[in-house]
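Here the protein sequences line up with chains P, G, A and Z, keeping their order. Take the first sequence: its position 76, counting from 1, is numbered 468 in the numbering used here, and each next residue is one higher. Take the second sequence: its position 42, counting from 1, is numbered 434 in the numbering used here, and each next residue is one higher. Take the third sequence: its position 80, counting from 1, is numbered 472 in the numbering used here, and each next residue is one higher. Take the fourth sequence: its position 43, counting from 1, is numbered 435 in the numbering used here, and each next residue is one higher.
These aren't lab readings, by the way, just hints derived from the structure by calculation. Among the hints, a few may not be true.
The list cannot tell twin chains apart, which means a pair is met if one copy fits it or any two copies do.
[Stated by the list, open to error] Computed cross-link-like contacts, DMTMM-like style, restricted to lysine to aspartate or glutamate with a CA-CA straight-line distance of at most 20 Å: (1) LYS397 <-> ASP421; (2) LYS397 <-> GLU420; (3) LYS402 <-> GLU467; (4) LYS436 <-> GLU408; (5) LYS436 <-> GLU415; (6) LYS436 <-> GLU479; (7) LYS436 <-> GLU420; (8) LYS402 <-> ASP447; (9) LYS397 <-> ASP432; (10) LYS402 <-> GLU420; (11) LYS397 <-> ASP447; (12) LYS402 <-> ASP426.
All values reported here derive from a predicted model rather than from experimental measurement.
There are 4 protein chains.
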Amino acid sequence: MAHDKAPIVKRLRTIEGHVRGVERMVDEDAYCIDILMQIDAVQKALDHVSRLVLDGHLHGCVTTAIRSDDAAERERVIGELMHVMHERRK
Amino acid sequence: MAHDKAPIVKRLRTIEGHVRGVERMVDEDAYCIDILMQIDAVQKALDHVSRLVLDGHLHGCVTTAIRSDDAAERERVIGELMHVMHERRK
Amino acid sequence: MAHDKAPIVKRLRTIEGHVRGVERMVDEDAYCIDILMQIDAVQKALDHVSRLVLDGHLHGCVTTAIRSDDAAERERVIGELMHVMHERRK
Amino acid sequence: MAHDKAPIVKRLRTIEGHVRGVERMVDEDAYCIDILMQIDAVQKALDHVSRLVLDGHLHGCVTTAIRSDDAAERERVIGELMHVMHERRK
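For reference, chain P alone in the conformation it holds in the complex:
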């Protein structure tokens, strides 16, 4: 990855704690709407992590592959990118 991984790991650790908080809310019979809003917040935090990883990928592997003279490798990296963006949030 082109980017520093420490802030990504840190964000994921926070998300882990957030999920634990949602477990507690369910366990303590919190109001459904509040639970749904917390799950939504977790999903937005995960979207943010995805963006960081994708940005690192574009600056790293994708840039290297596209700048190479290996046409098949260029095609592979673009195909993979299309796949992951298509799958996302489906």
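On the provided structure of chain P, position chains G, A and Z as indicated by the hints.
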């Protein structure tokens, strides 16, 4: 909530472990695309939990409120539902 | 539907014109990113229409069904709602 | 765009007709759930068009920019890509 909370808590615990697995992947420099696909799997698992909570909410609070004679309460519950569905993963 | 349909039809007509505009952009070789941003604007406009229709549905059919004494009909309406919200933009 | 635009224009024309069909459904008081499902089908068709445009963009402009020696241009193209993917479906 109209539904049993045990399976929901169990799913959230699994998701927590899944997030921990993604942390490990980032830490061990796994391939970006594999990380993105695991984050996507976590998002889908969270979508599933949201659906369970929403289903319980519709069968519980929403049904009770709509069957009541309190028009303001009916309006409140529908407004809240619209809000949560609109906000979702935005 | 519980709501007035005229504004919904009007919004859809605007969306139709917007789609025609995107066709023109593609035909005139507009920049891909600009095309993607216009498609995204159309998607958001469609989301808005969905919300209006859903709001009408909750105030109309769903409220009537849930207030009825027909438990099977109540179940049917909630199941349909869950289905449509789950399917949405998947 | 790296790709042929004819099939994209054709798809958009079909989508335009589909939107017109939804207008008719609303006008003729079709069942809300059926309307919502048709709007959802239109959105999936637009997603498909977005993918085609994005794929052309990656093979065309993005590949050219990344293979160039202009670091600022490379950065610009990646930033634009991140922006459009982040905005999408928000």
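Each hint, compared with the structure:
1. LYS397 <-> ASP421: between (36 Å within a copy, 8 Å between copies)
2. LYS397 <-> GLU420: between (35 Å within a copy, 10 Å between copies)
3. LYS402 <-> GLU467: neither (33 Å within a copy, 26 Å between copies)
4. LYS436 <-> GLU408: Both. Shortest intra-copy (13 Å) and inter-copy (16 Å) distances satisfy the 20 Å Cα cut-off.
5. LYS436 <-> GLU415: For LYS436 and GLU415, both the intra-copy (18 Å) and inter-copy (17 Å) Cα distances are at most 20 Å.
6. LYS436 <-> GLU479: both (17 Å within a copy, 11 Å between copies)
7. LYS436 <-> GLU420: neither (24 Å within a copy, 24 Å between copies)
8. LYS402 <-> ASP447: within (17 Å within a copy, 33 Å between copies)
9. LYS397 <-> ASP432: For LYS397 and ASP432, only the inter-copy Cα distance (18 Å) is at most 20 Å; the intra-copy one is 24 Å.
10. LYS402 <-> GLU420: between (27 Å within a copy, 14 Å between copies)
11. LYS397 <-> ASP447: within (12 Å within a copy, 28 Å between copies)
12. LYS402 <-> ASP426: Between copies, since 19 Å is at most 20 Å while 25 Å is not.
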